[in-house]
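Go by the hints and put chain B onto chain A.
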Amino acid sequence: MSDQEVQQLSAKKKRSSHQQEEVQQRQQPSAKKKRIDTTMSDLPREVLPIIFRKLTDHDMLVCAQVCVTWESEVRSILPQYLLLTNLSEKLGHPHNQVQHSFITLFNTHSKKKQEMHLPKLFLEGRYFSSSSFGWLLTVTHNRNPPHQVHLLNPFSGQRIELPPSTQHQSPQDLRVIMSTNPSDAAANCLFLAIYPTRRTFGICRQGQKSWTSLDFHSPILDVIFYEGALYGVDTFGYLCHLICGLKPEAINLNEQSPDTTCTTSKYLVELNGDLLLVERLF
Amino acid sequence: MSTAATADASSSGDTTEGSVRLLTLQSEDGEVFEVKETIATQSVTIKGMVDDDCATSTIPVCNVTGRTLAMVIEWWNKHEIGAVSNEKELKEWESQFDTIDDKSDRDDVYDLLMAANYLNIPTLLDCCTSAVAEAIKGKSTDEMREFFDIKSDFDEKEEDALRKENQWAFEN
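Residue numbers (the UniProt record's numbering), protein chains in the order written: chain A, 1 to 282; chain B, 1 to 172.
There are no misleading hints in this set.
One-sided excerpt, in silico: chain B residues whose CB lies under 8 Å from chain A:
1. Leu113
2. Thr129
3. Val132
4. Ile136
5. Lys137
6. Ser140
7. Met144
8. Phe148
9. Asp149
10. Ser152
11. Asp153
12. Leu162
No more than 27 Å apart at the CA atoms, straight line, and that leaves these computed lysine-lysine pairs for DSS-like:
13. Lys54/A to Lys112/A
14. Lys137/B to Lys112/A
15. Lys209/A to Lys157/B
16. Lys113/A to Lys137/B
17. Lys54/A to Lys88/B
18. Lys91/B to Lys139/B
Hints listed in this document are in silico derivations from the structure and should not be mistaken for laboratory results. The model shown is predicted, which means the values in this text are computed figures rather than measured ones. Even glycine gets a Cβ: it sits at the ideal position worked out from N, Cα and C.
Same shape as in the complex, but just chain A (with noise of 0.2 Å):
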C-alpha cells in the first residue's frame, strides 16, 4: 500500500481556532507535556487481571507484593490447586535434614501438574488434604486431641489457624469446607469441619478459638456450600437445607422419597453451576 492510501485512510483532523486557544492555555505550565499523566495506579482495576493472567505465576506473586491493590487483586484470580500427593509421611524420617520439601498438585486452570516447595515447619508431623477454593488442610499427627488445624494456600502461602478440633482421633477422620475464598477477609467466611466418620459438623468464623458444634438431627452424609447457602444430602438421599444458627435444623427438600439406593456413599458436587448428587454403588 502507497504512502498515499494510507494518507487516505488515516483520519482527518480539524480543530477549531477556540479549541485551539483553549489547549495552549492548558498545555501553557509545561508546554511540551502532551499526554493526561497517568501511571499504572490509575489504571482501570478491571485491566489488571488481564494483565496478571498473561504472567507466570512466580512474577504474579512478585506483583502481589508491589501495592496493596494489586496484591488484592492477585488474590481474586489465584489458581486453584488439587492435591495429588501427600508427603507429610516421608517428612517424619530422623535423619531427614531436608529443609523445604515437595507437594505435587493439580493446577486446575492450566490442567497440569506442579510440584511446589513448602517448609518443613508447615509439613513436619501433618496430614494434608484438599479443601475449598484450592486451599489445603493440615492436620497435626499427635496421638491425642487436641490437634492443631490449619489451612494452607500452597500458591501465595497464606496460612489461616482455625481452632483446634478435639473431636477425631486420626487426621484423616476431618474435612473443611468454606463458604467463600478466606483470601477475602471481607468476605466473612464461614468454616465448617465435617467429621465424616461421626457425622457430626462444627462451625466458625476467622479468628474465632473454638468450633460450634453443630447437631442437626439428621443421617447427614455429606454437605456443601451452593450459591451462599448449606445442603446436606442424608442416607436415604434427601437433600435438606442446613440451617446453622442457635438451633441447627435440617428442612428436606424433596417431596417424594428420592430414588436411589441405600449405600453409604453420597456426595454433593458442584459443576459448571450445577448442584449434583453423585452415588457411588460399588
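Coordinates of chain B only, in the frame set by chain A:
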C-alpha cells in the same frame, strides 16, 4: 488488496459520499477527528452508540488526548478488514506496540491501554496488556515500583509478612 483500495476510493470524499458515514470524535484536549463509521465501530463502545442512534453529533472521548486518539485511529485503520494483506504484516506492524523499552514507551502504552479500555477495543486491549505483562516479567518488586511509578502503600509489617509468605513457594 484491490477490494480495500476500491472501498477506500468510494469513501475518499470529505462528505458522506456513498454509503459510508463519517463519525466525529472529539478528544479530551479538544482535537476533532472524522472517522469512517465502519472503522470506528471496532470500538464496542462506539458501536453501541451507533446501534442506539446516539452517534449523530460529536462523540466526546473523555480521558483520551488527541495524540492517543490519533494512534487509536491508526490502529483501527490497520485492523480494518482488507487493510493489511496478511497476518504476518499486521503482526509486524503491531510489534511496535507490544514491547516497552523505556518510560516513554511505557507512557504511550498506558495511554493506549486507558483508551482501549474506555472505548472497549478488544484487539488493542489485548496487545497493550501483553506489553505490560512482558514488561513485568522477571522484575523484582522494587524494580516494578520504580518502572511503573508506584508507591508501596503497605506498612512495614505487612510488607515483611508478604515477603515471607510469598517467597518460599519458589525458593530452593
